[in-house]
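*Asks:* Below are the chains, spelled out letter by letter.
There are 2 protein chains.
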Amino acid sequence: MSDSTVKYTMQERDMPRYWYNVQADLPVPLAPALHPGTGKPLTPPDLAPLFPMALIMQEVSTERYIEIPDEVRDVYKLWRPTTLFRARRLEKALGTPAKIFYKYEGVSPAGSHKPNTAVAQAYYNKKEGIKRMSTETGAGQWGSALAFAGACFGLEVKVYMVRVSYDQKPYRRIMMEAWGAKCVPSPSPDTSVGRQMLAEDPKCPGSLGLAISEAVEDAMSREDTHYSLGSVLNHVLLHQTVIGLEAKKMMEEIGEYPDIIVGCVGGGSNSAGMFLPFLKDKLDGSKPNLRVVNVEPYSCPTLTKGPFAYDYGDSAKLAPIVKMYTLGHRYMPPPIHAGGLRYHGMSPIISHLLKLGYVEARAVHQLETFEAGILFARTEGILSAPETMHAIRAAIDEALVCKKTGEAKTILFNHSGHGHVDMNAYDAYLSGKLQNYEYPSEKVKEALADLPRVS
Amino acid sequence: MSDSTVKYTMQERDMPRYWYNVQADLPVPLAPALHPGTGKPLTPPDLAPLFPMALIMQEVSTERYIEIPDEVRDVYKLWRPTTLFRARRLEKALGTPAKIFYKYEGVSPAGSHKPNTAVAQAYYNKKEGIKRMSTETGAGQWGSALAFAGACFGLEVKVYMVRVSYDQKPYRRIMMEAWGAKCVPSPSPDTSVGRQMLAEDPKCPGSLGLAISEAVEDAMSREDTHYSLGSVLNHVLLHQTVIGLEAKKMMEEIGEYPDIIVGCVGGGSNSAGMFLPFLKDKLDGSKPNLRVVNVEPYSCPTLTKGPFAYDYGDSAKLAPIVKMYTLGHRYMPPPIHAGGLRYHGMSPIISHLLKLGYVEARAVHQLETFEAGILFARTEGILSAPETMHAIRAAIDEALVCKKTGEAKTILFNHSGHGHVDMNAYDAYLSGKLQNYEYPSEKVKEALADLPRVS
Chain E
1 MSDSTVKYTM QERDMPRYWY NVQADLPVPL APALHPGTGK PLTPPDLAPL
51 FPMALIMQEV STERYIEIPD EVRDVYKLWR PTTLFRARRL EKALGTPAKI
101 FYKYEGVSPA GSHKPNTAVA QAYYNKKEGI KRMSTETGAG QWGSALAFAG
151 ACFGLEVKVY MVRVSYDQKP YRRIMMEAWG AKCVPSPSPD TSVGRQMLAE
201 DPKCPGSLGL AISEAVEDAM SREDTHYSLG SVLNHVLLHQ TVIGLEAKKM
251 MEEIGEYPDI IVGCVGGGSN SAGMFLPFLK DKLDGSKPNL RVVNVEPYSC
301 PTLTKGPFAY DYGDSAKLAP IVKMYTLGHR YMPPPIHAGG LRYHGMSPII
351 SHLLKLGYVE ARAVHQLETF EAGILFARTE GILSAPETMH AIRAAIDEAL
401 VCKKTGEAKT ILFNHSGHGH VDMNAYDAYL SGKLQNYEYP SEKVKEALAD
451 LPRVS
Chain S
1001 MSDSTVKYTM QERDMPRYWY NVQADLPVPL APALHPGTGK PLTPPDLAPL
1051 FPMALIMQEV STERYIEIPD EVRDVYKLWR PTTLFRARRL EKALGTPAKI
1101 FYKYEGVSPA GSHKPNTAVA QAYYNKKEGI KRMSTETGAG QWGSALAFAG
1151 ACFGLEVKVY MVRVSYDQKP YRRIMMEAWG AKCVPSPSPD TSVGRQMLAE
1201 DPKCPGSLGL AISEAVEDAM SREDTHYSLG SVLNHVLLHQ TVIGLEAKKM
1251 MEEIGEYPDI IVGCVGGGSN SAGMFLPFLK DKLDGSKPNL RVVNVEPYSC
1301 PTLTKGPFAY DYGDSAKLAP IVKMYTLGHR YMPPPIHAGG LRYHGMSPII
1351 SHLLKLGYVE ARAVHQLETF EAGILFARTE GILSAPETMH AIRAAIDEAL
1401 VCKKTGEAKT ILFNHSGHGH VDMNAYDAYL SGKLQNYEYP SEKVKEALAD
1451 LPRVS
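Chains as they are written, first to last, in the working numbering: chain E, 1 to 455; chain S, 1001 to 1455.
Result set (SDA-like, lysine to any residue): computed pairs, CA atoms no more than 20 Å apart in a straight line:
| hint | chain 1 | residue 1 | chain 2 | residue 2 |
| --- | --- | --- | --- | --- |
| 1 | E | Lys77 | S | Asp1003 |
| 2 | E | Lys92 | E | Asp3 |
| 3 | S | Lys1007 | E | Tyr8 |
| 4 | E | Lys77 | S | Thr1379 |
| 5 | S | Lys1280 | S | Arg1291 |
| 6 | E | Lys7 | S | Arg1017 |
| 7 | E | Lys182 | S | Gly1432 |
| 8 | E | Lys131 | S | Thr1379 |
| 9 | E | Lys323 | E | Val28 |
| 10 | S | Lys1126 | E | Asp3 |
| 11 | E | Lys92 | S | Gly1154 |
| 12 | E | Lys131 | E | Gly180 |
| 13 | S | Lys1007 | E | Asp70 |
| 14 | S | Lys1092 | E | Phe153 |
| 15 | E | Lys127 | E | Ala48 |
| 16 | E | Lys7 | S | Thr1009 |
| 17 | S | Lys1280 | S | Arg1017 |
| 18 | S | Lys1433 | E | Gly180 |
| 19 | S | Lys1077 | E | Thr83 |
| 20 | S | Lys1007 | E | Pro69 |
| 21 | E | Lys77 | S | Glu1012 |
| 22 | E | Lys77 | S | Lys1099 |
| 23 | E | Lys182 | S | Arg1378 |
| 24 | S | Lys1182 | E | Gly432 |
| 25 | E | Lys77 | S | Thr1009 |
| 26 | S | Lys1077 | E | Val6 |
| 27 | S | Lys1126 | E | Ser4 |
| 28 | S | Lys1182 | E | Asn424 |
| 29 | S | Lys1249 | E | Thr9 |
| 30 | E | Lys126 | S | Thr1379 |
Hint data in this document are derived by calculation from the structure and do not stem from the laboratory.
Looking at chain E on its own, in the form it has when it is part of the complex:
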């Protein structure tokens, strides 16, 4: 029997019942988030206009395991548990002794890991009597995930989509509408932040930081509405740990444990969702040699080039100030196709773990990510999102190191989503039109000059 396809599945009844909260195991606690207006540590009531109390408490909780509500698990079951594959065809093509495993999150209705938290957030908001949610989206992965989640729980969803993506990537906007959400280009005339920007520059292409500002303003100005964020925050990473908890259980069953875990990072939630349940074993000393590699684009190298500093989450300074690696809240990254990785900051949890030396970071160029993505498509079959190609690239590079050294290391990466609506990016690469972008150090220097002054 041919045995190129090796995959591992989990019974639905074995799906995790608890998320893992790394805040229980951090050797040093996270620095507190600060109020964007006063600069003082945030209190739960400060966040109440934006989030339901259940999520606010998860944000600061130090309980190790937090129960996944039945209603959330019920929706998860539409696509979870997700399959763990061993990439045998890719291994053969590389000629590596390494074993490469990946967990495929692209089978969710919205096509990525994002619904893991979107569904949880919609549920808690519904439970607190909220009727409507506002959010921002860049390339559209997050907006479509929240649109799907809103449909599951009967919530209205309003998405502010960065205008340049709104115009260039209509498919994601249409997906949101198919699930019943309303999607407008940002800057929009629907908020004062948006109107001000449009008055200054009617053709403003928008940015993720600006779209966040619009969505936050929307939520703060309406009683029936809360805000929702798709990455960065502690509770978002918490919800994504369902990925790593499943992966860990599945690998235990086959007697494997990763030497290296790889994930792509924009805000950090898919990578952390995979590695945190494993990192627990490094934090408690039982797996001291576990390596975790966070991969970011060379043109938005938050972890590899930014300072570890307090900064705003959005450009209009409405979102909380958090301590993180950042390129400055005014930084506008070059237009790489991995739109989900174009964020100036990084989740405080990953930033903290990098600062403490528990995880690594690496930046890769756009062209080499597509080269990896095409090889993956032609061996493993899956057409990957440009974001995910960053993880594939680094996993391949680690496997090629093994080819040189002869070591049969076990590499695990999170395959965060499919690229079915990113075909224009594939076209650009295959027709030789794709380019690399150098690190714009002058722009970053300028953006970093505007960090908040925090005592």
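Please build the complex by placing chain S on the supplied structure of chain E, with the hints as guidance.
*Replies:* Frame of chain E, contents of chain S only:
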């Protein structure tokens, strides 16, 4: 515990080892296929320039079970066995006592059921020493499936894509290229059929029948190349029975048996792939009341309006003449978004079963299919292909009949694929720009005047 999500999975080791061949159980054998040049019954050597001998023998075999090669099962395992869902959220939205089940084939790399046969065809060609395969594609589902299969077995693939789709739906073309296939618009300057058409009309939008002619000519003119067809033929339906065999086993395990099976039909392979293993029980008399509903577009109503007659499979009369329901090989259906259902004929097996009274047929309008597809997206989460929406429509209609009668019937439909690259069609529907097309009876009358004269 919430229990809206009810799904059934199968262990990989229980995946079928044999395809089911209905030709073993037909009460009356199929009418023979005829040579397009001589009008005489086709012999295996006639087909040898086009297909490997293994597929030619499957085409005429009357063995009940045909073994699935290990190498084919190995690739199937990338996404098979596929999940069987009970559509509880949809049932609730409809308020029906009916139980609705669907099997979801959209998880394959190419996004539909098509790889079930593409992989088998690529394997048998590879085994016979073939280096290159030619095929046609309309909206692109089939072409991308064969491109994926070619990548699996290291075969070159050349796809002739109907020009109007090539221009309007670039995403599918790019998918094919991502898997390494070459895709050209048809008519193309690469074949004499294509050159002739371009000379007559340089702006010719092409048709499926013409693209078939080009792909057949390509294969006949090169020693290293065979032709591949994605539906209609007996061996294609055979390969698709893996769907129904899985579904039957899974339903047996939960103690269910369908009262009604629904599938959408263009050439007929996904519908037949689901219903044939169940229909065996109707053919042998053990399930006399089983109903099978084949759903086609009102604008291409082959089964509901066409005569049962011998006709060519393609417009240039290069493909075999088969007995089937047909609207005439020169019929050009209106530009509905369900491109995969725009074929003038129908598989001889389904045609034969309809003629004998074992299955039913039904035509539905475009707007009502999208209405059903949107309801499905907002309840079950999946964004369906426009083709698949035809099955969803009919399944919903059967469930609504149950709502009136109070009967709790069990309805099973094949969910043939996702609609991730059909978002422009969703956009047209959601913005009120989609229309219905009346049945063009004059055009059909004209096309039917050109049926071959067969003694």
